[in-house]
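There are 2 protein chains.
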Amino acid sequence: MSLSGKHRVVIVGGGFGGLSATKSLRKAPVDITLVDRRNFHLFQPLLYQVATGGLSPGNIAAPLRSIFARQRNVHVQMDDVVGFDLPHRKVLLKEGELTFDTLLVAAGARTGYFGNDHWARNAPGLKSIEDAIEIRGRVLTAFEEADKLPTPHAREHLLTFVIVGGGPTGVELAGTLAEIARHTLRHDFRIINPAETRIILIDAAPRILMAYAEDLALSAQTKLVEMGVEVRTNVKIHSVDAEGAHVATPTGTEVIRAANVLWAAGVSASPLAKLLSEATGAPLDRQGRIEVQSDLTLPGHPHVFVIGDMAHFKQPGGQPVPGVAPAAMQQGKYVAKVIQSRFQNVTVPGFQYKDLGSMATIGRKAAIAQVGNWKFTGLIAWLMWLFIHLIQIVSFESRLLVLIQWAWNYLTFSRSARLITQSGYIHTPPPAP
Amino acid sequence: MSLSGKHRVVIVGGGFGGLSATKSLRKAPVDITLVDRRNFHLFQPLLYQVATGGLSPGNIAAPLRSIFARQRNVHVQMDDVVGFDLPHRKVLLKEGELTFDTLLVAAGARTGYFGNDHWARNAPGLKSIEDAIEIRGRVLTAFEEADKLPTPHAREHLLTFVIVGGGPTGVELAGTLAEIARHTLRHDFRIINPAETRIILIDAAPRILMAYAEDLALSAQTKLVEMGVEVRTNVKIHSVDAEGAHVATPTGTEVIRAANVLWAAGVSASPLAKLLSEATGAPLDRQGRIEVQSDLTLPGHPHVFVIGDMAHFKQPGGQPVPGVAPAAMQQGKYVAKVIQSRFQNVTVPGFQYKDLGSMATIGRKAAIAQVGNWKFTGLIAWLMWLFIHLIQIVSFESRLLVLIQWAWNYLTFSRSARLITQSGYIHTPPPAP
Numbered sequence: 001m002s003l004s005g006k007h008r009v010v011i012v013g014g015g016f017g018g019l020s021a022t023k024s025l026r027k028a029p030v031d032i033t034l035v036d037r038r039n040f041h042l043f044q045p046l047l048y049q050v051a052t053g054g055l056s057p058g059n060i061a062a063p064l065r066s067i068f069a070r071q072r073n074v075h076v077q078m079d080d081v082v083g084f085d086l087p088h089r090k091v092l093l094k095e096g097e098l099t100f101d102t103l104l105v106a107a108g109a110r111t112g113y114f115g116n117d118h119w120a121r122n123a124p125g126l127k128s129i130e131d132a133i134e135i136r137g138r139v140l141t142a143f144e145e146a147d148k149l150p151t152p153h154a155r156e157h158l159l160t161f162v163i164v165g166g167g168p169t170g171v172e173l174a175g176t177l178a179e180i181a182r183h184t185l186r187h188d189f190r191i192i193n194p195a196e197t198r199i200i201l202i203d204a205a206p207r208i209l210m211a212y213a214e215d216l217a218l219s220a221q222t223k224l225v226e227m228g229v230e231v232r233t234n235v236k237i238h239s240v241d242a243e244g245a246h247v248a249t250p251t252g253t254e255v256i257r258a259a260n261v262l263w264a265a266g267v268s269a270s271p272l273a274k275l276l277s278e279a280t281g282a283p284l285d286r287q288g289r290i291e292v293q294s295d296l297t298l299p300g301h302p303h304v305f306v307i308g309d310m311a312h313f314k315q316p317g318g319q320p321v322p323g324v325a326p327a328a329m330q331q332g333k334y335v336a337k338v339i340q341s342r343f344q345n346v347t348v349p350g351f352q353y354k355d356l357g358s359m360a361t362i363g364r365k366a367a368i369a370q371v372g373n374w375k376f377t378g379l380i381a382w383l384m385w386l387f388i389h390l391i392q393i394v395s396f397e398s399r400l401l402v403l404i405q406w407a408w409n410y411l412t413f414s415r416s417a418r419l420i421t422q423s424g425y426i427h428t429p430p431p432a433p
Numbered sequence: 001m002s003l004s005g006k007h008r009v010v011i012v013g014g015g016f017g018g019l020s021a022t023k024s025l026r027k028a029p030v031d032i033t034l035v036d037r038r039n040f041h042l043f044q045p046l047l048y049q050v051a052t053g054g055l056s057p058g059n060i061a062a063p064l065r066s067i068f069a070r071q072r073n074v075h076v077q078m079d080d081v082v083g084f085d086l087p088h089r090k091v092l093l094k095e096g097e098l099t100f101d102t103l104l105v106a107a108g109a110r111t112g113y114f115g116n117d118h119w120a121r122n123a124p125g126l127k128s129i130e131d132a133i134e135i136r137g138r139v140l141t142a143f144e145e146a147d148k149l150p151t152p153h154a155r156e157h158l159l160t161f162v163i164v165g166g167g168p169t170g171v172e173l174a175g176t177l178a179e180i181a182r183h184t185l186r187h188d189f190r191i192i193n194p195a196e197t198r199i200i201l202i203d204a205a206p207r208i209l210m211a212y213a214e215d216l217a218l219s220a221q222t223k224l225v226e227m228g229v230e231v232r233t234n235v236k237i238h239s240v241d242a243e244g245a246h247v248a249t250p251t252g253t254e255v256i257r258a259a260n261v262l263w264a265a266g267v268s269a270s271p272l273a274k275l276l277s278e279a280t281g282a283p284l285d286r287q288g289r290i291e292v293q294s295d296l297t298l299p300g301h302p303h304v305f306v307i308g309d310m311a312h313f314k315q316p317g318g319q320p321v322p323g324v325a326p327a328a329m330q331q332g333k334y335v336a337k338v339i340q341s342r343f344q345n346v347t348v349p350g351f352q353y354k355d356l357g358s359m360a361t362i363g364r365k366a367a368i369a370q371v372g373n374w375k376f377t378g379l380i381a382w383l384m385w386l387f388i389h390l391i392q393i394v395s396f397e398s399r400l401l402v403l404i405q406w407a408w409n410y411l412t413f414s415r416s417a418r419l420i421t422q423s424g425y426i427h428t429p430p431p432a433p
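Residue numbers (this note's numbering), protein chains in the order written: chain A, 1 to 433; chain B, 1 to 433.
It is worth saying that the hints were derived from the structure and are not from the lab.
One or more of the hints may lead you astray.
Because identical chains share one entry, a pair is satisfied inside a single copy or across any pair of copies.
Straight-line C-alpha distance at most 27 Å; calculated BS3-like pairs for lysine-lysine [stated by the list, open to error]:
| # | residue 1 | residue 2 |
| --- | --- | --- |
| 1 | Lys354 | Lys314 |
| 2 | Lys6 | Lys148 |
| 3 | Lys94 | Lys148 |
| 4 | Lys27 | Lys94 |
| 5 | Lys337 | Lys236 |
| 6 | Lys337 | Lys94 |
| 7 | Lys333 | Lys23 |
| 8 | Lys27 | Lys148 |
| 9 | Lys223 | Lys27 |
| 10 | Lys148 | Lys90 |
| 11 | Lys148 | Lys365 |
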């Protein structure tokens, strides 16, 4: 019980899952503390737009305190969670601790390098604002540096971009880079011809977009090739260094020389999953996600819930729920419902994921979408994608700005947020060409 | 002569001066190379809005390549100028060099600490996007950290902000911080009362805004006090450390305990001024600006111009031209005219600065302005300020966004760009309270 005598709910993580749970508890007789390392919620689906200079960080991030300014049962706290003392119902923070009656952990995932974290230096991932600013800086700097070199041959290394991973993020990055090279920068450079740019999308699987129906994935691939992207499947990454991507192909090994390798190949759950696994015995999967029970709690701990990208929830068919925003939001709502039902001594049936469909955007007027047995491509799918993303950011005050920025970019092929600014990253000096 | 046989103009710096010269030369028979360390032009007058979370960096910065995409006689190059070889008409770059027929150096100024550069750590200035992001992070983090402390006494150090320097930048920062504390964050914090915030504006002079008429400055001071800012004049800064600002007052010395000291007390010219002074013998003034002749050239070097914040141009009365954007722009236009006149063997009279008036904004609906003998305060002055700044950023494609963002902020007291992100700065750990 808190000072006010109310049931104390601690929610770790202000992503889609934590936000959805917190909002769904707005009328519950509870005191909520929402803890996050950052002071803002990030609309991750549009992060690739920041990485490619189309949107500003402020357009896709909203301060958590603003979001909950008027929800009086929430206290927002910016802090690092460093551990859990479940027997005493405590969350251990970098500075201090929090006592809970119910705990919800929704700390998400980060870029995963299959145990090769040192690749991060030469192949940044795209999970945070800082990542996006770093990628934006590297990509733009490559064009600036290339413009100083005398021959196409000398510029080749700088103007080759390898994107590792043919999932939705990889496809979005590749498509957007192709548009930048072919259109946005067309008038900007006097010496280099932006069309010298090579954009290579590689994936270890036999095709890209494995989570999508095969005909949709093929349609996306055809569109990417039309836009000038080289799509290479059955190509497995061996290592990444300043020279480029070292890969294994069906016919042997190869070095794809590229100053910029961008990583969109995998995620691993927040390390908090491991701490919870040690505390409760719940097993971790290969991506570091913790297995949760049918009501999203941990075994033996009915007051501890885990949701979103760090939870492994087995569906009836055996497949885990995918790590996408709608799944995390559904789980957040479900947990809020369970918490409230307990006050009324009502039992709620186990969580069920409702697949609302999935979509990936390729470029201007091009996307793919599948909703149940329905499939869409081209302009229709792109309009669906646009509509759904605009609807989803309605809780952001900047939605109008985003719309206008997009409209402007669309009309002019411009990307106004093309700033090279310093970040906290270690900068890799470009290797000699 | 360049490859095309045209007269080669090298312009160093893409600020107001360099931009204005480059644009004014759009029809001249010259090949221009515009060199800047950054890839964007920064609209510095609105930097304080980024530092206080009202605007995103992308709103006040425009890529130089975009600005000149359609001006075919300009080549933009992102590089560091490290020296000059005037006898051989060369600008030395970090990588390579540029040969010029005419050189224009407009590299501006940076924050100046009167020789105490180590104060930068505890008292960041406000001259770059990185500065603004750093200040935004520090100010917001102070509120976040304070919210974890139990008593007003413990929070006092974190919630005291000292702004050093009562010029327009200091006044703008103080006024905006007061608005944030009193309005924007009012609903955001549960434990601290944002009104606990102390904002102290100090200046060594007997009054603030010394460049303005006394009655206008007094009116601004009254408004600041109304908004909750403590204005302390005749207070001289001795040193700055993690504890706060060590100052000398008319009655003795004192330590103003404050976790955040912001520096708006002075600028010093780009170090390129010193290099040019050594090469030409032209003297430097106390702020490191180089003395230029009546046609803005350096003595003995009729083909080398220096303008803007790094130039000291003596006016007939003996006063130097002030370091403001309109002066740099007028000088840029003048240099373009001189360059063009030389092709026609026409002589142009010396540069004359036309004072278009000056204005400073204090907060919502409050500003001061003086134009010749006309003086304005309050809402009228604020509308003038708004109008002139909106007009001035017309060359930015994001002007519409800025307008909307302002309108939104104004209506809702909101500041949507309140993100705490990492920067390249060395972070100072907060001292024990």
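Taking the hints in turn, this is what the structure says about them:
| no. | hint | in the structure |
| --- | --- | --- |
| 1 | Lys354 to Lys314 | within (13 Å within a copy, 74 Å between copies) |
| 2 | Lys6 to Lys148 | between (65 Å within a copy, 20 Å between copies) |
| 3 | Lys94 to Lys148 | between (47 Å within a copy, 12 Å between copies) |
| 4 | Lys27 to Lys94 | neither (30 Å within a copy, 61 Å between copies) |
| 5 | Lys337 to Lys236 | neither (43 Å within a copy, 60 Å between copies) |
| 6 | Lys337 to Lys94 | neither (30 Å within a copy, 61 Å between copies) |
| 7 | Lys333 to Lys23 | within (8 Å within a copy, 56 Å between copies) |
| 8 | Lys27 to Lys148 | between (61 Å within a copy, 25 Å between copies) |
| 9 | Lys223 to Lys27 | neither (47 Å within a copy, 42 Å between copies) |
| 10 | Lys148 to Lys90 | between (57 Å within a copy, 17 Å between copies) |
| 11 | Lys148 to Lys365 | neither (34 Å within a copy, 48 Å between copies) |
Hint compliance for this structure: hints 4, 5, 6, 9, 11 are not met, and every other hint is.
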